[in-house]
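Asker: Spelled out from the first residue to the last, the chains are:
2 protein chains.
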Amino acid sequence: MKNYHKEDYPVADIRRFLEPGPVVLVSSTWKGESDVMTMAWHMLMEFTPSLLGCFISDANHSYEMIKRSMECVINLPTADMVDQVVAIGNCSGEDTDKFAAFGLTAQPAEQVGAPLIAECYANFECKLAQVAGNPKGGFFIFECVKAHVATSPKLPETLHYRGNGEFMVSGRTISRKSLMKPEMR
Amino acid sequence: MKNYHKEDYPVADIRRFLEPGPVVLVSSTWKGESDVMTMAWHMLMEFTPSLLGCFISDANHSYEMIKRSMECVINLPTADMVDQVVAIGNCSGEDTDKFAAFGLTAQPAEQVGAPLIAECYANFECKLAQVAGNPKGGFFIFECVKAHVATSPKLPETLHYRGNGEFMVSGRTISRKSLMKPEMR
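Protein chains in written order, with UniProt numbering: chain A, 1 to 185; chain B, 1 to 185.
Quick caveat, the hints were computed from the structure, so don't treat them as lab data. Mixed in with the good hints there might be a few duds.
Since copy identity is lost for identical chains, a pair holds within one copy or between any two.
As the list claims (entries may be wrong) - Only pairs whose alpha carbons sit at most 30 angstroms apart, straight line, appear in this in silico DSSO-like list of lysine-lysine: (1) K2 / K181; (2) K127 / K2; (3) K154 / K2; (4) K177 / K127; (5) K154 / K31; (6) K67 / K181; (7) K146 / K6.
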């Protein structure tokens with residue numbers, strides 16, 4: 001895993017990293033305990049405020065921690081972390097300290113109690129804006145209040161889940177900036 | 001653009017194509033008029049029923065058509081269609097017949113009134129399960145009731161939007177099937 005130098009990043013622009021649909025690691029803290037879960041069911045909802053919609057199953061140990069603390073950090077792992085990502089999804093925070101088990105470094109966030117995962121390319125500090133529960137889990141809307149993004153490389157190689165143990169890795173970039181109307185960018 | 005041979009695909013398994021986070025084309029029909037819009041703000045919410053959450057701005061001509069007809073088709077374009085995808089996002093159905101303007105073939109769907117786009121790799125027929133409006137647009141939950149997927153190639157090369165006119169193209173596959181617990185796949 002890598003050590004990144006990260007800088008503040010405008011929260012209105014985090015689509016650059018999240019809109020392509022990567023698997024993320026969600027960290028949370030409640031009553032002195034921290035946990036991490038994998039998440040692929042998320043989408044942007046607004047730029048300003050910077051809103052993210054996420055569906056989290058209540059089968060996750062983190063579910064109640066996120067719901068009660070009303071905060072989390074959305075961390076962006078890179079393709080070289082695929083085995084950590086799988087391992088985190090394969091066990092429960094109920095009986096495993098995932099930070100210790102998988103060599104992840106918890107760093108203090110600035111605006112939330114949940115920790116940043118140092119080894120991830122980017123960390124998005126989030127506060128819960130709205131939650132709509134249902135019997136099998138909940139639809140959470142988070143506001144990203146602070147973003148930390150690595151300065152190099154310019155773009156991360158991210159993991160995108162297909163189910164059945166298969167991940168798509170982000171590929172090449174195509175630019176059509178010159179063809180797009182400014183308001184469509 | 002390509003001509004695909006498509007077959008029925010299990011609606012519970014459409015995560016394979018949508019969970020990685022591609023840009024999709026949403027087609028709709030209302031009072032004899034059809035329209036298409038680009039959409040990147042979507043996520044899975046459940047396998048059975050097959051639920052998709054989508055955020056659609058009311059700035060889209062399609063917004064009211066989808067809301068009133070309570071149906072749509074989510075079509076999966078491939079990387080070779082990037083210029084059509086940009087062009088569709090750059091204009092409005094209010095004054096443009098996008099099917100005619102961009103050489104798209106509308107095919108009848110089986111369970112909804114909205115058309116399938118023949119040139120896309122996959123077509124997911126959807127019925128509106130729930131909508132929550134807000135001043136700037138709406139959060140829609142669709143149930144996919146019928147899926148048509150190309151039999152070849154095995155995986156499509158999809159477009160993933162980063163904003164600012166830049167698209168990430170889906171890259172290589174990493175499999176960790178052997179490491180995953182069956183219930184985690």
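Asker: One pair to classify: K154 and K2, alpha carbons no more than 30 angstroms apart. Within, between, both, or neither?
Answerer: Classified as within: same-chain Cα gap 15 angstroms, cross-chain 33 angstroms, threshold 30 angstroms.
Asker: 30 angstroms Cα cut-off: does K177 pair with K127 within a copy, between copies, both or neither?
Answerer: neither (32 angstroms within a copy, 34 angstroms between copies)
Asker: Under a CA distance limit of 30 angstroms, which applies to K154 and K31: within one copy, between copies, both, or neither?
Answerer: Intra 37 angstroms, inter 47 angstroms, cutoff 30 angstroms: neither.
Asker: 30 angstroms Cα cut-off: does K67 pair with K181 within a copy, between copies, both or neither?
Answerer: between (40 angstroms within a copy, 26 angstroms between copies)
Asker: Quick one: K2 to K181, C-alpha cut-off 30 angstroms, is that within a copy, between copies, both, or neither?
Answerer: between (38 angstroms within a copy, 27 angstroms between copies)
Asker: For K146 and K6, with the copy left unspecified, which applies at a CA distance of at most 30 angstroms: within, between, both, or neither?
Answerer: within (12 angstroms within a copy, 44 angstroms between copies)
Asker: Are the CA atoms of K127 and K2 at most 30 angstroms apart within a copy, between copies, both, or neither?
Answerer: within (27 angstroms within a copy, 44 angstroms between copies)
Comparing the model with each earlier hint shows violations of hints 4, 5; every other hint is respected.
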